[in-house]
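*Asks:* So the chains spell out like this:
2 protein chains.
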Amino acid sequence: MATNRTETWLRKLKENGYRLTASRKAVMEVITSSQFVLSPLQVYELARKRYQKLGLVTVYRTIDKLVELNLIQRVHQPSGCQGFVPASMGHQHLLICTECGIVSYFSGENESINPLVKNVENSSGYSIKSHWFQLFGICSDCQIPQKTDSTI
Amino acid sequence: MATNRTETWLRKLKENGYRLTASRKAVMEVITSSQFVLSPLQVYELARKRYQKLGLVTVYRTIDKLVELNLIQRVHQPSGCQGFVPASMGHQHLLICTECGIVSYFSGENESINPLVKNVENSSGYSIKSHWFQLFGICSDCQIPQKTDSTI
DNA sequence: TTTTATGCAAAGTATTTGCACGGGA
DNA sequence: TCCCGTGCAAATACTTTGCATAAAA
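As you go down the protein sequences, you meet chains A and B in turn. First residue of the first sequence: 130, per this note's numbering; consecutive thereafter. First residue of the second sequence: 130, per this note's numbering; consecutive thereafter.
Calculated from the structure, these hints are not laboratory results. Each hint should be verified, as a subset may be incorrect.
Put simply, identical chains are the same to the list, so a pair is met inside one copy or across any two.
Claimed, not checked - In silico DMTMM-like pairs for lysine to aspartate or glutamate, Cα to Cα no more than 25 Å straight-line:
#1 Lys154 / Glu144
#2 Lys247 / Glu228
#3 Lys143 / Glu250
#4 Lys182 / Asp270
#5 Lys247 / Asp270
Construct the complete structure from the given sequences, taking the supplied hints into account.
*Replies:* This is how it looks when you write it as structure tokens:
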């Protein structure tokens, strides 16, 4: 079942002259509907449940396109950076649970980050183009000892 | 020539029961004396100028040890995360020039980041364990059009 | 002398490319 | 029909492991 987000994505693909194929649909639906960081291999395994003939290579190629269209983003973590999540709308930052891997977004530009960036810009002489800000922690569900595992 | 930092590193290696070898010295001196993010392969190439017999495998193994001893840290960038720089003392953040790759450090905890982290912690219910904050921009040297390239 | 560290070769992973076929538009 | 997209196989990184030798302590 395609979510609203998938619809949007499919439209955006079309707008950019890409074809709508079963493979792409399967890959998009998997990433769209996941709250967790997924590696290409995980995407492949999950998407094959929706479209048996899918190949891993196509997953890589589709991921490239989705990144290019700014529909998904690569997530960097201490454990590696081969994971992807849907791109947040506007500029948002990631909050990642190191227990279950669930990802949420937050923003905090004006109040805190922008002034700091300005400070650094002034004192360093750099022209600052972008920033990364990510938080790692334990989500409320994972703080309850009994419930540590998760499904995608 | 060994810098002061290299001396410190060699001492720390010794303290932790590791042997001081020509290979390790070469690797450490290269990373210590570079202002730039270096990949294992780059470290290998540079360190071989100091110690011809060095093997790439030893570079990987030495990097592991240096990370473990908290003497170097992995740097995450949009282009990938196989680079390393000396670990900053205390908790600092990275400012990376996307033109020449030079890395510098800044701090900005109390004034801005801590309150934001607290906010997110309260509103999300997460127990936040760590954060990443990195800035990307163009350093003052690279802002002068004539001088864009760099050497390591 | 003892034991760690090294370098080489080989084995794993992860990702990309070449190419003929299949399926969207 | 036309041509993009696909899957397979192979190629290419990148990194780790096994093992006999070299070298630090």
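*Asks:* Indicate, hint by hint, whether the structure satisfies it.
*Replies:* Hint check results:
For a Cα distance limit of 25 Å, the shortest separation of Lys154 from Glu144 inside one copy, 15 Å, qualifies, whereas the shortest one across copies, 56 Å, does not. For a Cα distance limit of 25 Å, the shortest separation of Lys247 from Glu228 across copies, 20 Å, qualifies, whereas the shortest one inside one copy, 34 Å, does not. Neither within a single protomer nor between protomers do Lys143 and Glu250 lie at most 25 Å apart by alpha-carbon distance, with minima of 40 Å and 40 Å respectively. Proximity of Lys182 and Asp270 under a CA criterion of 25 Å is satisfied in neither setting, with 36 Å inside one chain copy and 52 Å between copies.
Taking the shortest alpha-carbon separations for Lys247 and Asp270, only the inter-copy value of 19 Å comes in at or below 25 Å, while the best intra-copy value is 37 Å.
This entry does not satisfy hints 3 and 4, going by the numbered hints stated previously.
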